[in-house]
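There are 4 protein chains.
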Amino acid sequence: MGKTVVHTINVEFGDCDPARIVWFPNFFRWIDAASRNFFIRCGVPSWHETEATMGILGTPLVDTRASFVRTASYGDTLQIHTTVSEWRGKSFVQSHRVMRGNEEIMNCDEVRIFAAHKEGGGIRAVAIPPEFRALCE
Amino acid sequence: MGKTVVHTINVEFGDCDPARIVWFPNFFRWIDAASRNFFIRCGVPSWHETEATMGILGTPLVDTRASFVRTASYGDTLQIHTTVSEWRGKSFVQSHRVMRGNEEIMNCDEVRIFAAHKEGGGIRAVAIPPEFRALCE
Amino acid sequence: MGKTVVHTINVEFGDCDPARIVWFPNFFRWIDAASRNFFIRCGVPSWHETEATMGILGTPLVDTRASFVRTASYGDTLQIHTTVSEWRGKSFVQSHRVMRGNEEIMNCDEVRIFAAHKEGGGIRAVAIPPEFRALCE
Amino acid sequence: MGKTVVHTINVEFGDCDPARIVWFPNFFRWIDAASRNFFIRCGVPSWHETEATMGILGTPLVDTRASFVRTASYGDTLQIHTTVSEWRGKSFVQSHRVMRGNEEIMNCDEVRIFAAHKEGGGIRAVAIPPEFRALCE
Chain U
12 MGKTVVHTIN VEFGDCDPAR IVWFPNFFRW IDAASRNFFI RCGVPSWHET EATMGILGTP
72 LVDTRASFVR TASYGDTLQI HTTVSEWRGK SFVQSHRVMR GNEEIMNCDE VRIFAAHKEG
132 GGIRAVAIPP EFRALCE
Chain Z
12 MGKTVVHTIN VEFGDCDPAR IVWFPNFFRW IDAASRNFFI RCGVPSWHET EATMGILGTP
72 LVDTRASFVR TASYGDTLQI HTTVSEWRGK SFVQSHRVMR GNEEIMNCDE VRIFAAHKEG
132 GGIRAVAIPP EFRALCE
Chain B
12 MGKTVVHTIN VEFGDCDPAR IVWFPNFFRW IDAASRNFFI RCGVPSWHET EATMGILGTP
72 LVDTRASFVR TASYGDTLQI HTTVSEWRGK SFVQSHRVMR GNEEIMNCDE VRIFAAHKEG
132 GGIRAVAIPP EFRALCE
Chain X
12 MGKTVVHTIN VEFGDCDPAR IVWFPNFFRW IDAASRNFFI RCGVPSWHET EATMGILGTP
72 LVDTRASFVR TASYGDTLQI HTTVSEWRGK SFVQSHRVMR GNEEIMNCDE VRIFAAHKEG
132 GGIRAVAIPP EFRALCE
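First to last, the sequence lines map onto chains U, Z, B and X.
Anchor point for the first sequence: position 97 equals 108 in our numbering, and the numbering is continuous, going up by one each time.
Anchor point for the second sequence: position 44 equals 55 in our numbering, and the numbering is continuous, going up by one each time.
Anchor point for the third sequence: position 123 equals 134 in our numbering, and the numbering is continuous, going up by one each time.
Anchor point for the fourth sequence: position 49 equals 60 in our numbering, and the numbering is continuous, going up by one each time.
One chain only, chain U, in its complex shape (with noise of 0.2 Å):
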């Protein structure tokens, strides 16, 4: 296993619905943030300057798997701890785990690339730039 890299939420009033619960949505945005901020953490530079040198956009997701274990509501303080748990050859699998304290809420495998601007709109996968791998592991 690589780096684990640790992204700090704090649950807001405006996250929950009507039950009083985090409305799901809100955790992939989270986990997405957690997704580029374990990049940020490992040494990876920002998109901004990965698109202006080498054509990188980010790393858009391609097939995601979630399960949702506990509630959380506003107030609670969330803890993202998010890996890469395999790197195949233009895809990797990002895997976050949402904990609150000792108890997970709730937990995501991700397949991602790294993507670049294809002529006529839209994306197009990349090889993963093999000095990015490195600093991950």
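Check each hint, because a few of them may be wrong.
If several chains are the same, the list does not tell them apart, and a pair holds so long as it fits within one copy or across any two.
[Claimed, not checked] Mimicking DMTMM-like on lysine to aspartate or glutamate, the simulated pairs with C-alpha atoms at most 25 Å apart in a straight line are:
no. : residue 1 : residue 2
1   : Lys129    : Glu60
2   : Lys129    : Glu62
3   : Lys129    : Glu148
Since the hints were made in silico from the structure, they are not lab data.
Note that this is a predicted model, so its numbers are computed, not measured.
Assemble chains Z, B and X onto chain U, guided by the hints.
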């Protein structure tokens, strides 16, 4: 297979990210709307009403998996095709296919439950009301 | 007064907060969609096209004021009535009134500009294209 | 003037739009969090607790005005400086200034109320609890 309901989405400028494509948590926002809309269109009462009459708050998510096949951007009109693909004792699988005309944009299978408030906060699964299941088949 | 365009919104469960009413930032999400929809319905090209042909990215917000008159909740259908109430040299005032049938839910006046990319990042105001203004009057 | 509380925000990729700048409704999301955080930091109990003990749900928005001075993008860290600038009978004015170090990004003045559930749905203003006001001064 039971009934299929189609929910239409107009992709907006603010739904897209700096890569100019839909930022993925928005798909889960739309799928959650498609999920609720499915029940309404099948004749199940609003969660406002079921909470007042039966204590049922809605159908929160337990597990999900999704694949992102093609990108979409603002100005696109998407159709979400939703059905219940499996009924279990206290949960069910709802399947969503997001199309732009004939092109598949993404697909998603969700395990959801019917939920009521739990004493002390949070939610708990309740048995699926048979009259609701019958409306969806 | 120029043209008025009506944009329809279905309020979803996830748009509402633990007080069971629409969480107010969602009104601004809908108003931003109504703003763009106004131009499209008046015949102004998509920002995709104006960016490619003229460098115009859209109409970002400079100032806003809003009053919240009545609450709304999921299941409600809202109509946003949008017009340009004033044209200035490099900015314009767009006014939105959000109705639920005959009841006013909220109203909002926005100062917006037509914007292009600025060298080094960020955006800058450009003169309002007279052919776009003519389409809206 | 009463107490000022500073709330810190990390701008994320998904907070930005195709113009690569923060999509404005996100500022209102952050300001709503800063508003609640202000009361917590002043020692006012959580809305979870005030709802259980006094029926107070929170401090929904009645009127707002905002000016957007500079753009921000992902990777920026913002500080929201929040104070109550005026107390009225059943409402108060909360003022927020969003800074990136020494640069002002936007500012916002809000009229808010303390609210309880209204019979039949929706919310109603209640008198401002004097002990809460005292904590903020």
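- Which hints from the list above does the structure break, by number from lowest to highest? Going through the list in order, the structure violates hint 3 alone and respects the others.
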